[in-house]
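Q: Protein sequence lines correspond, in order, to chains L and V.
One point on numbering: in the working numbering, the residue at position 59 of the first sequence is 59, and numbering is uninterrupted.
One point on numbering: in the working numbering, the residue at position 109 of the second sequence is 109, and numbering is uninterrupted.
FYI, nobody ran anything at the bench for these hints, they're computed from the structure.
Take these hints with a grain of salt, some might be off.
All copies of an identical chain are treated as equivalent in the list; a pair is satisfied when it fits inside any one copy or across any two copies.
Computed list of lysine to any residue pairs in SDA-like fashion (alpha-carbon distance at most 25 Å, straight line) [as the list claims (entries may be wrong)]:
hint, residue 1, residue 2
1, Lys-34, Gln-271
2, Lys-5, Ala-17
3, Lys-212, Thr-26
4, Lys-34, Ala-166
5, Lys-288, Val-30
6, Lys-34, Ala-176
7, Lys-5, Ser-173
8, Lys-288, Ile-22
9, Lys-212, Ala-29
10, Lys-268, Ala-203
11, Lys-268, Ile-107
12, Lys-5, Arg-67
13, Lys-34, Ala-17
14, Lys-5, Gly-38
15, Lys-34, Pro-91
16, Lys-34, Ala-180
17, Lys-5, Glu-272
18, Lys-212, Asn-285
19, Lys-268, Gln-68
20, Lys-34, Leu-259
21, Lys-212, Asp-95
22, Lys-5, Gly-139
23, Lys-5, Asp-66
24, Lys-288, Leu-23
25, Lys-34, Glu-170
26, Lys-49, Pro-171
The structure displayed is predicted, hence computed values, not measured ones.
Now for the letters of each chain:
Protein chains: 2
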Amino acid sequence: MSDFKLELARSAEAVEALLAEILTDTPDAVAADKRLWGAMRHSVMAGGKRLRPGLVMMSAELCGADRQGALRVGAAIELIHSYSLVHDDLPAMDDDDLRRGQPTVHIAYDEATAILAGDAMLTLAFEIVADPATHADGGVRAAIISALAQAAGANGMVGGQIRDLAAEAEPLSQAADILALQERKTGALIEFSCIAGPLLADAGVDQVQALKRFGHALGLIFQITDDLLDVEGSAAEMGKAVGKDADRGKGTLVGLMGLDGARAEARKLSQEASSALETFGEAANLLKTVTDFVLDRRN
Amino acid sequence: MSDFKLELARSAEAVEALLAEILTDTPDAVAADKRLWGAMRHSVMAGGKRLRPGLVMMSAELCGADRQGALRVGAAIELIHSYSLVHDDLPAMDDDDLRRGQPTVHIAYDEATAILAGDAMLTLAFEIVADPATHADGGVRAAIISALAQAAGANGMVGGQIRDLAAEAEPLSQAADILALQERKTGALIEFSCIAGPLLADAGVDQVQALKRFGHALGLIFQITDDLLDVEGSAAEMGKAVGKDADRGKGTLVGLMGLDGARAEARKLSQEASSALETFGEAANLLKTVTDFVLDRRN
Chain L
1 MSDFKLELAR SAEAVEALLA EILTDTPDAV AADKRLWGAM RHSVMAGGKR
51 LRPGLVMMSA ELCGADRQGA LRVGAAIELI HSYSLVHDDL PAMDDDDLRR
101 GQPTVHIAYD EATAILAGDA MLTLAFEIVA DPATHADGGV RAAIISALAQ
151 AAGANGMVGG QIRDLAAEAE PLSQAADILA LQERKTGALI EFSCIAGPLL
201 ADAGVDQVQA LKRFGHALGL IFQITDDLLD VEGSAAEMGK AVGKDADRGK
251 GTLVGLMGLD GARAEARKLS QEASSALETF GEAANLLKTV TDFVLDRRN
Chain V
1 MSDFKLELAR SAEAVEALLA EILTDTPDAV AADKRLWGAM RHSVMAGGKR
51 LRPGLVMMSA ELCGADRQGA LRVGAAIELI HSYSLVHDDL PAMDDDDLRR
101 GQPTVHIAYD EATAILAGDA MLTLAFEIVA DPATHADGGV RAAIISALAQ
151 AAGANGMVGG QIRDLAAEAE PLSQAADILA LQERKTGALI EFSCIAGPLL
201 ADAGVDQVQA LKRFGHALGL IFQITDDLLD VEGSAAEMGK AVGKDADRGK
251 GTLVGLMGLD GARAEARKLS QEASSALETF GEAANLLKTV TDFVLDRRN
């Protein structure tokens, strides 16, 4: 196992322990509350690579930020990632029954519970970051909330999802439009995860900009790999339906550039990502290898 | 027109101007973005009394907080109130086609757009509060975000909504359970609106507690009036379907106490609300009259 995988597993374990603690029923919970929190746990505790919290924790360590604070921001970003999956899986959206090999929340529970569980997870993410336990300086907490909301909102992830739905009806043919969609839909949260570290460390604008460039390239690599897996992967490996994007005629980067072109683009982006971290010297070696991890992933 | 109505109209005008400015398409918006922001405007700009922003602004003035900051928190709370209506109206939830006499968002647009517009509105609310324009002190901004997230989340408004859905299948018969539901579903946001002022003013715990008690009583009065209107009101006045709660066999406070009992309880709560503000002396006279406004409302 690579050093990156080991470090990712270590941070995943820590963030899952915190999430399990946060997602516990309150003592006065009635049956309906237990249902809501159960749906949240069903979504959040179903495994996954915990890549985004890993990026938060590794970027935090790189910039010298406190580990406990990074863990909390990691839990918050995972809650937002999970809520987006719960809502995306709904019948009115992508209509998926399976996620990581398990029934999606609206199948295991019902649609109303899935909508509300997603709403509660999104809200909880901001509550976690706003808590003084995340950072002693309220200005730092507010700056992280601001960046997180921008990454998750109408000009970020949600904006990417509405463009994605529109692209089903009218497939995108321009590279710039497809890129803009992907930067929002998956790129924004990944980029946020990479700048959370310098924000927590109250680092200078140089470090924030360097990790922003790194996160931007990484987000695109992630999406290209996702598209490649959608074409090449098996449903068993992915734990969800594959080939759906192609079936729906969505304009993807792979569709635009071809398999080889997309792979070449991912390698180019991988070099861009590495060079963005030059300013950190050898300390960034571990984080740099995330690009190999993302390129090599099978699900 | 009462002084309270005048003041409410004045703050509504200001908050609507800010919301209109915030909910403007960005210059690079594509058709899908315009659809998303259009759905958000459809929901937020459809009128309404803007009671919650009014409470924020009046409690802010009472405690000596800056008006511009209060306006921003008012816009945020109105976005959260509006998102909750968009999601509550969905077919999987209350399945309502009309809201304030207009088609609901999933009717005017579609379900996917309604889900995403709600998600974007919730996220935008936190982005607005986190911005330094809301308050120079990041600690104050973070404290408001924390209170807002608690009021809106799984132990607040969303928790009330899941209890409400459960109560349709199994009506509540105990007053304590009905109260606990209403405190979450509508009470939490109203209570938040009343403590936003002292939080923005960085006021002492006494003022926060006083306005919290006031907001708690006001939230219950609001819900009792809502139940009374559901029994007595006409669909034309309400701009939405009425009698639905009774049809669905939900345990309401009016169902439990009867019409006269509920009216008497509302009057008792009105006195509680007034006495909570004693500590502010005559300065609180205007805010106190909100209870009359809520008791007398026809929609």
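Q: Next step is simple, just say for each hint if it's right about the structure.
A: Do the hints match the structure? See the list:
no. : hint                 : in the structure
1   : Lys-34 with Gln-271  : neither (47 Å within a copy, 36 Å between copies)
2   : Lys-5 with Ala-17    : within (18 Å within a copy, 51 Å between copies)
3   : Lys-212 with Thr-26  : between (38 Å within a copy, 22 Å between copies)
4   : Lys-34 with Ala-166  : between (36 Å within a copy, 11 Å between copies)
5   : Lys-288 with Val-30  : neither (47 Å within a copy, 34 Å between copies)
6   : Lys-34 with Ala-176  : between (45 Å within a copy, 18 Å between copies)
7   : Lys-5 with Ser-173   : neither (36 Å within a copy, 54 Å between copies)
8   : Lys-288 with Ile-22  : neither (31 Å within a copy, 38 Å between copies)
9   : Lys-212 with Ala-29  : between (41 Å within a copy, 23 Å between copies)
10  : Lys-268 with Ala-203 : neither (28 Å within a copy, 55 Å between copies)
11  : Lys-268 with Ile-107 : neither (40 Å within a copy, 45 Å between copies)
12  : Lys-5 with Arg-67    : within (18 Å within a copy, 51 Å between copies)
13  : Lys-34 with Ala-17   : within (19 Å within a copy, 41 Å between copies)
14  : Lys-5 with Gly-38    : neither (29 Å within a copy, 43 Å between copies)
15  : Lys-34 with Pro-91   : both (24 Å within a copy, 23 Å between copies)
16  : Lys-34 with Ala-180  : between (39 Å within a copy, 15 Å between copies)
17  : Lys-5 with Glu-272   : within (21 Å within a copy, 59 Å between copies)
18  : Lys-212 with Asn-285 : within (17 Å within a copy, 51 Å between copies)
19  : Lys-268 with Gln-68  : neither (35 Å within a copy, 47 Å between copies)
20  : Lys-34 with Leu-259  : neither (46 Å within a copy, 33 Å between copies)
21  : Lys-212 with Asp-95  : neither (33 Å within a copy, 42 Å between copies)
22  : Lys-5 with Gly-139   : neither (33 Å within a copy, 36 Å between copies)
23  : Lys-5 with Asp-66    : within (21 Å within a copy, 50 Å between copies)
24  : Lys-288 with Leu-23  : neither (32 Å within a copy, 39 Å between copies)
25  : Lys-34 with Glu-170  : between (41 Å within a copy, 16 Å between copies)
26  : Lys-49 with Pro-171  : neither (30 Å within a copy, 42 Å between copies)
Hint compliance for this structure: hints 1, 5, 7, 8, 10, 11, 14, 19, 20, 21, 22, 24, 26 are broken, all remaining hints hold.
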